[in-house]
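**Q** This is what each chain is made of:
Protein chains: 2
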Amino acid sequence: MTYKERLAAIRSQMKGEGVSAYIIPSADPHISEYLPDRYKCIEFASGFTGSAGTLVITDDFAGLWTDARYFVQAKEQLEGTGFELVKLQVQHSPEYIGWLGERLPEGAIVAFDAKLISVGLAQLLESELSPLGITMNSDRDYLDPIWNDRPALPAAPAFLLGEEVVGESLVSKLERVRAAMKKKRADFHLISSLDDMAWLFNIRGEDVKCNPVVLSFALISQDKAMLFIETTKLNTEDQQKLRAAGVELETYDLIEKAVAALPSDSNILIDPKRNCYALFKVLPESVRVVQDTNPTTFFKAVKNEVEIAHTRKTMVKDGVALTRFFKWLEENIGKIKITELSVSDKVRACRAEQEGFVGESFDTISGYKAHGALPHYRVTPESDAELHADGLFLVDSGGQYTSGTTDITRVVSLGNLTDEEKIDYTLVLKGMIDGSTARYPKGTKGYQIDAISRKPLWDYARNYGHGTGHGVGFFLNVHEGPHVLNPSPTPVDLELGMISSVEPGIYRTGKHGIRIENLVLTVQDETNEFGEFYTFEHLTMALIDTTPVKKELLEEHQIKWLNEYHRQVVENLGPHLSADELAWLKEKAKPI
Amino acid sequence: MTYKERLAAIRSQMKGEGVSAYIIPSADPHISEYLPDRYKCIEFASGFTGSAGTLVITDDFAGLWTDARYFVQAKEQLEGTGFELVKLQVQHSPEYIGWLGERLPEGAIVAFDAKLISVGLAQLLESELSPLGITMNSDRDYLDPIWNDRPALPAAPAFLLGEEVVGESLVSKLERVRAAMKKKRADFHLISSLDDMAWLFNIRGEDVKCNPVVLSFALISQDKAMLFIETTKLNTEDQQKLRAAGVELETYDLIEKAVAALPSDSNILIDPKRNCYALFKVLPESVRVVQDTNPTTFFKAVKNEVEIAHTRKTMVKDGVALTRFFKWLEENIGKIKITELSVSDKVRACRAEQEGFVGESFDTISGYKAHGALPHYRVTPESDAELHADGLFLVDSGGQYTSGTTDITRVVSLGNLTDEEKIDYTLVLKGMIDGSTARYPKGTKGYQIDAISRKPLWDYARNYGHGTGHGVGFFLNVHEGPHVLNPSPTPVDLELGMISSVEPGIYRTGKHGIRIENLVLTVQDETNEFGEFYTFEHLTMALIDTTPVKKELLEEHQIKWLNEYHRQVVENLGPHLSADELAWLKEKAKPI
Chain E
-13 MTYKERLAAI RSQMKGEGVS AYIIPSADPH ISEYLPDRYK CIEFASGFTG
37 SAGTLVITDD FAGLWTDARY FVQAKEQLEG TGFELVKLQV QHSPEYIGWL
87 GERLPEGAIV AFDAKLISVG LAQLLESELS PLGITMNSDR DYLDPIWNDR
137 PALPAAPAFL LGEEVVGESL VSKLERVRAA MKKKRADFHL ISSLDDMAWL
187 FNIRGEDVKC NPVVLSFALI SQDKAMLFIE TTKLNTEDQQ KLRAAGVELE
237 TYDLIEKAVA ALPSDSNILI DPKRNCYALF KVLPESVRVV QDTNPTTFFK
287 AVKNEVEIAH TRKTMVKDGV ALTRFFKWLE ENIGKIKITE LSVSDKVRAC
337 RAEQEGFVGE SFDTISGYKA HGALPHYRVT PESDAELHAD GLFLVDSGGQ
387 YTSGTTDITR VVSLGNLTDE EKIDYTLVLK GMIDGSTARY PKGTKGYQID
437 AISRKPLWDY ARNYGHGTGH GVGFFLNVHE GPHVLNPSPT PVDLELGMIS
487 SVEPGIYRTG KHGIRIENLV LTVQDETNEF GEFYTFEHLT MALIDTTPVK
537 KELLEEHQIK WLNEYHRQVV ENLGPHLSAD ELAWLKEKAK PI
Chain H
-13 MTYKERLAAI RSQMKGEGVS AYIIPSADPH ISEYLPDRYK CIEFASGFTG
37 SAGTLVITDD FAGLWTDARY FVQAKEQLEG TGFELVKLQV QHSPEYIGWL
87 GERLPEGAIV AFDAKLISVG LAQLLESELS PLGITMNSDR DYLDPIWNDR
137 PALPAAPAFL LGEEVVGESL VSKLERVRAA MKKKRADFHL ISSLDDMAWL
187 FNIRGEDVKC NPVVLSFALI SQDKAMLFIE TTKLNTEDQQ KLRAAGVELE
237 TYDLIEKAVA ALPSDSNILI DPKRNCYALF KVLPESVRVV QDTNPTTFFK
287 AVKNEVEIAH TRKTMVKDGV ALTRFFKWLE ENIGKIKITE LSVSDKVRAC
337 RAEQEGFVGE SFDTISGYKA HGALPHYRVT PESDAELHAD GLFLVDSGGQ
387 YTSGTTDITR VVSLGNLTDE EKIDYTLVLK GMIDGSTARY PKGTKGYQID
437 AISRKPLWDY ARNYGHGTGH GVGFFLNVHE GPHVLNPSPT PVDLELGMIS
487 SVEPGIYRTG KHGIRIENLV LTVQDETNEF GEFYTFEHLT MALIDTTPVK
537 KELLEEHQIK WLNEYHRQVV ENLGPHLSAD ELAWLKEKAK PI
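So the sequences go chain by chain: E and H.
So in the numbering used here, spot 326 of the first sequence is number 312, and the numbers just go up one at a time.
So in the numbering used here, spot 382 of the second sequence is number 368, and the numbers just go up one at a time.
Hint data in this document are derived by calculation from the structure and do not stem from the laboratory.
You may find that some hints are simply not true.
No copy labels: a pair is met if it fits in one copy or bridges any two.
Said to hold, decoys possible - Straight-line alpha carbon distances no greater than 27 Å define the calculated DSSO-like cross-link-like pairs of lysine-lysine that follow:
1) Lys267 with Lys536
2) Lys428 with Lys497
3) Lys428 with Lys61
4) Lys61 with Lys170
5) Lys259 with Lys572
6) Lys408 with Lys428
7) Lys210 with Lys168
8) Lys26 with Lys299
9) Lys210 with Lys441
10) Lys73 with Lys26
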């Protein structure tokens, strides 16, 4: 079946049921960002493989709404599929709702699969479209009937982590969740989001590529904690440990039944952004819903001392791996055949030498010259480009270690840079430094740091279409909420112990892409009559190429920071490098 | 009746009706910021005269929730009233709702007067408190029975402005409103907010101090525009003009009846933030409500070419008035008796010499030394301090002219500054320059400019508890939405033609206060492959005292800007000054 045939098959089902528009989001019943193959619906329907987007199909239009990171990729992948790219103004914003509102007549029906739509999104669709006389049909899966070889749900093994790794027991975490429930007067709390599940139960697995999570749900009350999971994924010892901590194990697919059987007149706490509408719909009518962010989302984001100590060590391992990779690249470029794909393999191999490495935390973005201009470029055998001793090469990669998660972007000069490349590189570096060295009052939100990171680029009328940074898990998802550093008005404070990435960029289509990314930890700074101030500690420990830097564009404090950072990199990585490697690093990291 | 007796009288009514908590917001039935005397309920109940706050009364606690601008003032004014100050974390945020939720038991009743609570606030109370089993009683005015001499509604005359002043006819504005209604499929549109009314009908009045507005409501449909106003306020000619433009005039207090009589199954557009809950409640049940910002709020914020041209000229007048004031102050300080109050009079007198001056746009903030540390200090005969040739003096003032509204803050050195005063002054200046000279992409929100303004202060671990800026009306309210430059996540783009203030500050209780404020206009900048960029044009034209500046703390671009700005000030004001005045200004404005 071609994509055009699939689209026709969807439209024919829509027509048969009088549906005017069909929405296919990028989600699963856990409202995940990274999806098990079974839920890669957008890829199945349109061929688009990006991690964010929404398909909307009407009788005369089929569009993919996605953000600037994916404009080029989407245009290429949608060619000839019948789908058109619709450029989002604001990342992750459901701008198609306004579009539907303007186009659909009164009486129209909009359909979707409630398992793939969050409670909040369903409510937004309802509140925006129902005043226009448009109704919803929320239990329509038009893909299943035409998806012959649809993959089954994953059944990878799962395992528990000890307190010496995660710093807090399941029992203690459950206590905190229950205290939060009490504050909200919630008798029950439903958790669907897989990273919240992994954090709360100190459980990890391999159900989703790059994310060490396990398909599962939880239903918590003051005296019960029900974990819905395929128990075959756990060995007997781990099952016993869970039961000993007061957890009742139930089969994964019984969650819907359990939610539908909640006692009448009870209160349930549900995060509208992280639970699917399908589970919300089956709640008994008399159950009152308290809608709020999962307490675990906040708890998880604030790393404890054990997690922070592990993370610091993990960053050194990751830095050692990258140092070896960059040294290898410099020494071999122009001598042996090196391509974007072989670089990805080499980076993975360097990390794999490190103790505790489990796998990549996301697919490596390995982009030479113009490929670097695609912020989420994923190299394929077809696109694979050979690197030469010329131009800029961008590599954004990360590792899952049992002791933490890493995510780092570096751009290296392979030779012969243009002035434009050097200026762009220096401006991005300025943005990264200003954002990641900011001092800010308690209560500061990510969008404020985002603005500070962008200013050096705005001053030169340059900008980037993605956020400046995101939260990062502890041996968990590389993208983690609730905080985010981007221009959207997300009202979440940066709290002590939160990890964020800071990664501004500049992308020139057809030319080059630059992004420099470090992970940072929110730590205490001065307290005075103006209040409590926080700042960032740099977690990422890896060389930043100084050869493209135009020093005259840097301010004094930026130069000072860069030299001091490199001093720390040498100091921290040194003990783990060979004499040869250390000598190379010292030379590359020398003060500018 | 003392404040304590009033509080007891309120509590006794609460007790009689089984009410657990009573909310008194700072608002009127138009959800205004500046209130007619009849609605100064917080002042009547507690003595607090600040422009923002909420009283919440329970049986064992009575509190005023207000923001950092008013902490010192509130503490003083609430002394002995039975009310305690509760410090808001976030300006204008209804943090008392969470407080109520944590304290009130299931079954409790929260009461308020629906005329003084916006639709949005009532809905928020409902959505936050009803899941906790708390119910609302929304038609309780416990003040009226104990407010013997409660002032009547104002009855000042009103008048229409010509197209040569405002640049657009009522007919054209109505067309734009109706087009916006059509887009939202609204059959009707209710407007309560007085500045939206004034803008739409090109009408001005004197019903509220400092704000040239008229108490009125409007109910608009595609073929009708009903204006609810005391028609005696308008002369016959203006009444005829309105009728000729298709406006039906109705008595002010008939609005509730008209809303209650809307045809069934119609759609009405209502701004939940700018209409009171009392009018919302009387809507027939079958009427569908489309909740969205008033279209006029956006239209009004984007000034047209005629308004901008008038505003530029008005800023020159205002700058001339201020130049004369500052010259007078410098020449007389230490020679004649000058107090905060006499300064306020002098500033008003200097403005009054200018053509088209109508009155002040807000009560002048005239604060010497420690008084300057109260960001919204309002001098009274009791607090009035004498100025000496020593320390810093802050004056924040503005004028209503028939050709525009001004708002400017300057701090001048009267002599003998401490190093701390100079550093604080220079940091505030840096913040003002960085915010007001920012280049930013189309789509940038006020909170992003706010962060840029704060960074120079944060770098030195200093901060201020108010927003960086606000929108400003055209011969209208000095505070005008929808855009605002503050840390709160207000998702409103800065659009071409919007006027904003940029006014960072540093306040040291008991020592000094510094704030430097200019008004700026969003204008076009470069457009390139990274998109469309905007920047600000400086509207305010007035000397910035350079004597407190520590030049070594300024960056090169900041020095350059300051000198160029002063060149423009001299160039623009020069033709309107006497030779003597110009010579004085030139000397004060010479490059640093």
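**Q** Does each hint fit the structure? Answer for all of them.
**A** A quick look at each hint next to the structure:
no.: 1; hint: Lys267 with Lys536; in the structure: neither (58 Å within a copy, 64 Å between copies)
no.: 2; hint: Lys428 with Lys497; in the structure: between (40 Å within a copy, 24 Å between copies)
no.: 3; hint: Lys428 with Lys61; in the structure: between (42 Å within a copy, 24 Å between copies)
no.: 4; hint: Lys61 with Lys170; in the structure: neither (46 Å within a copy, 32 Å between copies)
no.: 5; hint: Lys259 with Lys572; in the structure: neither (47 Å within a copy, 60 Å between copies)
no.: 6; hint: Lys408 with Lys428; in the structure: between (36 Å within a copy, 26 Å between copies)
no.: 7; hint: Lys210 with Lys168; in the structure: within (14 Å within a copy, 53 Å between copies)
no.: 8; hint: Lys26 with Lys299; in the structure: neither (35 Å within a copy, 60 Å between copies)
no.: 9; hint: Lys210 with Lys441; in the structure: neither (50 Å within a copy, 48 Å between copies)
no.: 10; hint: Lys73 with Lys26; in the structure: within (21 Å within a copy, 49 Å between copies)
When each numbered hint is compared with the structure, violations occur for hints 1, 4, 5, 8 and 9.
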